Every structure is written in structure tokens, then in C-alpha cells.
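*Asks:* Go by the hints and put chain L onto chain Z.
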Amino acid sequence: MHQATLGQRLDLVARRAVPVGITLFLLLFSVTPLHIPGLATVGPMYTLIAVYFWSVYRPDGLGYGAAFAIGVTEDLIVGTPLGSTALLLLLCQWVVFHRQRFFNGRPFLEVWLAFAVIAFGAGILRWMCIGLITSGNFPAAGDLLGTVMLTVMLYPVIGWLLARAQMKLMVQP
Amino acid sequence: MRQATGQITRLGTLKTLLQRFAFGSLIVLTFALMLIGKAETVLVERARIAVTDAVVPILRALSEPANVIAHGISNIRELAAIREQNADLRENNERLLQWQSIAQKLEAENRSLKALLALVPEPTASFVSARVVGDTGGTFAQSILISAGASDGVKKGNVVMTGEGLVGRVTQAGARSARVLLITDINSRIPVLVGEAANRAILAGDNGLRPRLLYVGAKTVVAPGDKVTTSGDAEAFPPGLPVGRVARIEDGIIEIEPYVTRDRLEHVRVVDFGLAGILPTPETPREAKK
Numbered sequence: 001m002h003q004a005t006l007g008q009r010l011d012l013v014a015r016r017a018v019p020v021g022i023t024l025f026l027l028l029f030s031v032t033p034l035h036i037p038g039l040a041t042v043g044p045m046y047t048l049i050a051v052y053f054w055s056v057y058r059p060d061g062l063g064y065g066a067a068f069a070i071g072v073t074e075d076l077i078v079g080t081p082l083g084s085t086a087l088l089l090l091l092c093q094w095v096v097f098h099r100q101r102f103f104n105g106r107p108f109l110e111v112w113l114a115f116a117v118i119a120f121g122a123g124i125l126r127w128m129c130i131g132l133i134t135s136g137n138f139p140a141a142g143d144l145l146g147t148v149m150l151t152v153m154l155y156p157v158i159g160w161l162l163a164r165a166q167m168k169l170m171v172q173p
Numbered sequence: 001m002r003q004a005t006g007q008i009t010r011l012g013t014l015k016t017l018l019q020r021f022a023f024g025s026l027i028v029l030t031f032a033l034m035l036i037g038k039a040e041t042v043l044v045e046r047a048r049i050a051v052t053d054a055v056v057p058i059l060r061a062l063s064e065p066a067n068v069i070a071h072g073i074s075n076i077r078e079l080a081a082i083r084e085q086n087a088d089l090r091e092n093n094e095r096l097l098q099w100q101s102i103a104q105k106l107e108a109e110n111r112s113l114k115a116l117l118a119l120v121p122e123p124t125a126s127f128v129s130a131r132v133v134g135d136t137g138g139t140f141a142q143s144i145l146i147s148a149g150a151s152d153g154v155k156k157g158n159v160v161m162t163g164e165g166l167v168g169r170v171t172q173a174g175a176r177s178a179r180v181l182l183i184t185d186i187n188s189r190i191p192v193l194v195g196e197a198a199n200r201a202i203l204a205g206d207n208g209l210r211p212r213l214l215y216v217g218a219k220t221v222v223a224p225g226d227k228v229t230t231s232g233d234a235e236a237f238p239p240g241l242p243v244g245r246v247a248r249i250e251d252g253i254i255e256i257e258p259y260v261t262r263d264r265l266e267h268v269r270v271v272d273f274g275l276a277g278i279l280p281t282p283e284t285p286r287e288a289k290k
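Chains as they are written, first to last, in the numbering used here: chain Z, 1 to 173; chain L, 1 to 290.
Worth flagging that the hints you see were computed from the coordinates, not collected in a lab. Keep in mind that this is a model prediction, so the values were computed, not measured. Cβ coordinates follow ideal geometry from the N, Cα and C atoms, glycine included. A hint or two may mislead.
To be verified - Result set (SDA-like, lysine to any residue): computed pairs, CA atoms no more than 20 Å apart in a straight line:
(1) L:Lys15 to Z:Gly65
(2) L:Lys38 to Z:Gly131
(3) L:Lys38 to Z:Tyr57
(4) L:Lys227 to L:Gly165
(5) L:Lys15 to Z:Tyr57
(6) L:Lys38 to Z:Pro107
(7) L:Lys227 to L:Val216
(8) L:Lys38 to Z:Ile133
(9) L:Lys155 to L:Ala115
(10) L:Lys38 to Z:Asn137
Unchecked claim - Negatives, chain L to chain Z, calculated, CB over 12 Å:
(11) Leu26
(12) Ile36
(13) Glu64
(14) Leu79
(15) Ala87
(16) Gln100
(17) Asn110
(18) Lys114
(19) Val120
(20) Ala141
(21) Asp185
(22) Gly195
(23) Asp206
(24) Pro224
(25) Gly225
(26) Asp251
As the list claims (entries may be wrong) - Okay, the calculated bits of chain L under chain Z, using three or more residues with CB under 8 Å as the criterion:
(27) 161–169
(28) 261–273
Okay, chain Z solo, but in the shape it has when bound (with noise of 0.2 Å):
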């Protein structure tokens, strides 16, 4: 058996860490005022998005215990109600996971497409989440639709990001 040195277990520690730690960053970057006038009640689902995409082309490198962690940080975050974005990462995960024959191979497009509806659902269920635990206060409709097009349309651009990402610190060289 050859056995690994420690240098190189130190740097599949450090590549195994990348997906966890790229969306931890993304969610640090979602609460930075950007100071952009029109963007103080739409905020993105960075988190979202990168759980989405991590499923999809490296589904071992974000696990269910993962996306629980990151969903509970947020909520302590962001200060929605505790539980409810980890609940939304877990069942975005669940259903590619569940999906991952569709998934395989799928052009750019088709995986965008399914992002939609999953970021539509996740919308959806997140405002309820939240109308359900301030007792039927629920936030603007309008601006949860501009949420969730606003979270759809940057997925290309963060997808791109993450697949650099994932190019340059996982693949083994």
C-alpha cells in the first residue's frame, strides 16, 4: 500500500474543502453592503446557487451535513428564521441527487433550466417558511419574484466562477 505523505493528505484535505468553503465565502459576500441602489430588498440565493451546482457536478463534494451547516450559518446570519434556508439547501440537494441520471452529461441550458424551477420552489418555500413562523406576515410577492430572477440570472455567472473553481483547486494535477 502506498501510503500518503503528510503534504499530500494536507492537500486533499485542502481540495476536499474547496466546495464548503467557496460557499461559506459566497454567503459572506451576500451580506457585504454593495451600496447598489434598487438591491436593499433583492438579495440573491448565493448559497443556493452553489449548493445547486456542487450537487450537480460534484455531488461528493458537498454532502447533506454540509448544506445543513451552511443553511443553519446563514439563518444565524442573515437573521431569517432558524432552520428554514438549511431546509430549503437540504431538499435542493435531495432532488438532484435523486435526479442525477437527468443531470448526467445535460447540456448548460437544460441545467439552468431545472436551477429555475428549483429557485422558483426554494423562493416559494422560504416565504412561506418565514410567513408561517412571523404568525401571516408575509414579505412582498413582488420582491420575492425579483429574488428569485435575480438569483436565476447571476447562476451563470457564479456557475462559470465555480467551475474555474473547481478546474483550478480540485482536480488532482
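*Replies:* Same frame as chain Z, but now just chain L:
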């Protein structure tokens, strides 16, 4: 090599099985968390404080380049309008100088009248300035994170303002950071006075840009442009803080345009008016303040 591949496959199968089990238990856990969170336990608050305190230094570093870019853009914009602005400012200055003399006269008069009445002065408010390092603004929550906490004197319940008007309230104070619930948040309810007649109402956020007025009296007449200020009821806010003005009235829904420009929120003032408020903390129960 083959042995190693076999091991990996077996490990893979085991991992899949574990994942299936994990999924079920994690879903149950999310619902449990939602129930615990709804009860607003001290534990959840402590967890939020701990995580916020931990990420605020990173957010401070991340927000620096964003601020520089935003400043650059606004500088260029202002440069284009500088001539017009200058004329406006000169005009404003003249008008304000007149007001200043009036204010000085009134202040002197006020002082002498207070002396005549032997009025006990109101406790003076103390304040801390803080930088906005996180904006969780979106459809699902409307709060900001600031880079000042309990170590700087920020307390839960403090009022947060800018020169323009009311921003919100501190709902969570960590050691070096604090969370401010904006007046636009879905959980925000503020007792206010509307218009010249100072009618009472409640300002309620819906995570959108414009909060709404609730519980407006049936005979109350509200018109677009009416000013909205805090009423001081429930001891959460002192009376008279500027909040915004009535922007639109449609189908009985009264929308308020806050004075504070959200996307330009960079620094805020955290003011301690010494109010007991409606947000009792475990450390300072309401009874103790009474």
C-alpha cells in the same frame, strides 16, 4: 491499485447509505430548529451573537473594497452636478442663516422659560458611531450588522439613526458587533404619529422598501407628503424622531417612504436614550428598570 479501487467503491456505497439516513434526520432537525427559533430562546440568541461576532471582522475587510467603489461612483456622479449643487447650496445657506438666528432667539427664550418653570431636564442621550459592515437586506430579512458591540457601549434596544432619520433598533448586541432590525423588516412594529394632527398609528415593515401604516383611526385623514415621526408610546423610541413621509395611499394601504436612503447606509449612530423599551433582555429584566 485494484484493491484500492474496490475499497473506494465500498466506501462509496456506505457513504450513500449514510447520506440517506442523514437526509431524513437533518430534515427533522431543521423543523426542530424552526420550533426552537420561534420560541426565541436565549440559546438561539447566543448562537446568533457568537456567529455574528465571528464573521464581522471578515465582513469588515470585505466591505472595504465595496465602499471604495461606491465612493468612486458617487464622486463621479456628484462631479457632473457640482455647478447646480453649488447654486442650490448657496441658496440653502442663506435660508439656513435666517433660521439660525431664529433658532438662537428661540433657544434663549426657551432657556429663560425653563428657568422660570424650574423644569427638570430630560436625561441626555449618549451615542456611539458605527460602521455598517453587513447588509442582510433582501426579501427574507431586513437587518444590518454594525461594527460596534457591547464593548463600545451598544446595548440591545438602542435606537439607530443617521442624520436623515430613524434606521431601526439594536436587537442583538455581541461583544464587537450588533444586529440592527431595520424599520422595513417584517418583524418591525413602531408606534408613530402621522401628519400635522399627530394621529397615532403603527408603522409595520414587510421586507420591502416602503413600510406601511397599520391601525390608523377611521376618521384620520392622511395625505401623501405627511410627515411620520415616532410617538414614544411603549417606551421603545423617544417621541419626535423623524421616520419618513407618506408616499402613496392605495386601496387603504398607506405606504411610507423612509428618510433614510438604504443603499447609501454606511455609518450609523447608535443612541442610548435610556429607555426600558419592549425588548427585555435576560440580563436586564424590565422589572429591574422600573
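*Asks:* Far enough from chain Z: is every CB of that chain over 12 Å from the CB of L:Pro224?
*Replies:* 20 Å, holds
*Asks:* Would L:Val120 pass as off the interface with chain Z, using Cβ distances and a cut of 12 Å?
*Replies:* Non-interface label on L:Val120 holds, nearest chain Z Cβ at 39 Å vs cutoff 12 Å.
*Asks:* Given the proposed pairing of L:Lys38 with Z:Pro107, does the C-alpha separation stay at or below 20 Å?
*Replies:* 42 Å, violated
*Asks:* Take a quick look at whether L:Lys227 and L:Gly165 sit within 20 Å of each other, Cα to Cα.
*Replies:* 12 Å, holds
*Asks:* So L:Gln100 supposedly isn't at the interface. Is its beta-carbon more than 12 Å from every beta-carbon in chain Z?
*Replies:* For L:Gln100, whose nearest Cβ neighbour in chain Z is about 33 Å away, the distance exceeds 12 Å, so it holds.
*Asks:* Far enough from chain Z: is every CB of that chain over 12 Å from the CB of L:Gly195?
*Replies:* Non-interface label stands for L:Gly195: nearest chain Z Cβ at 25 Å, farther than 12 Å.
*Asks:* For the pair supplied as a hint, L:Lys38 and Z:Ile133, is the alpha-carbon distance within the 20 Å limit?
*Replies:* OK: L:Lys38 and Z:Ile133 at ~7 Å, within 20 Å.
*Asks:* Using a Cβ cutoff of 8 Å, are there at least 3 residues of the region 261–273 of chain L near chain Z, or does the coverage claim fail?
*Replies:* Holds, because 5 residues of the region 261–273 of chain L bring their Cβ atoms closer than 8 Å to Cβ atoms of chain Z.
*Asks:* Would the non-interface assignment of L:Asp206 survive a Cβ cutoff of 12 Å against chain Z?
*Replies:* 5 Å, violated
*Asks:* Hint check: L:Lys155 vs L:Ala115, CA-CA at most 20 Å. Holds or violated?
*Replies:* 34 Å, violated
*Asks:* When I compare C-beta atoms, does the region 161–169 of chain L have three or more residues closer than 8 Å to chain Z?
*Replies:* That given contact is violated, which follows from only 0 residues of the region 161–169 of chain L lying within Cβ reach (below 8 Å) of chain Z.
*Asks:* Holds or violated: is the Cβ of L:Asn110 farther than 12 Å from all Cβ atoms of chain Z?
*Replies:* With a cut-off of 12 Å, L:Asn110 remains clear of chain Z, as the shortest Cβ separation is near 39 Å.
In this structure, the hints that do not hold are numbers 3, 6, 9, 11, 12, 13, 20, 21, 23 and 27, in rising order.
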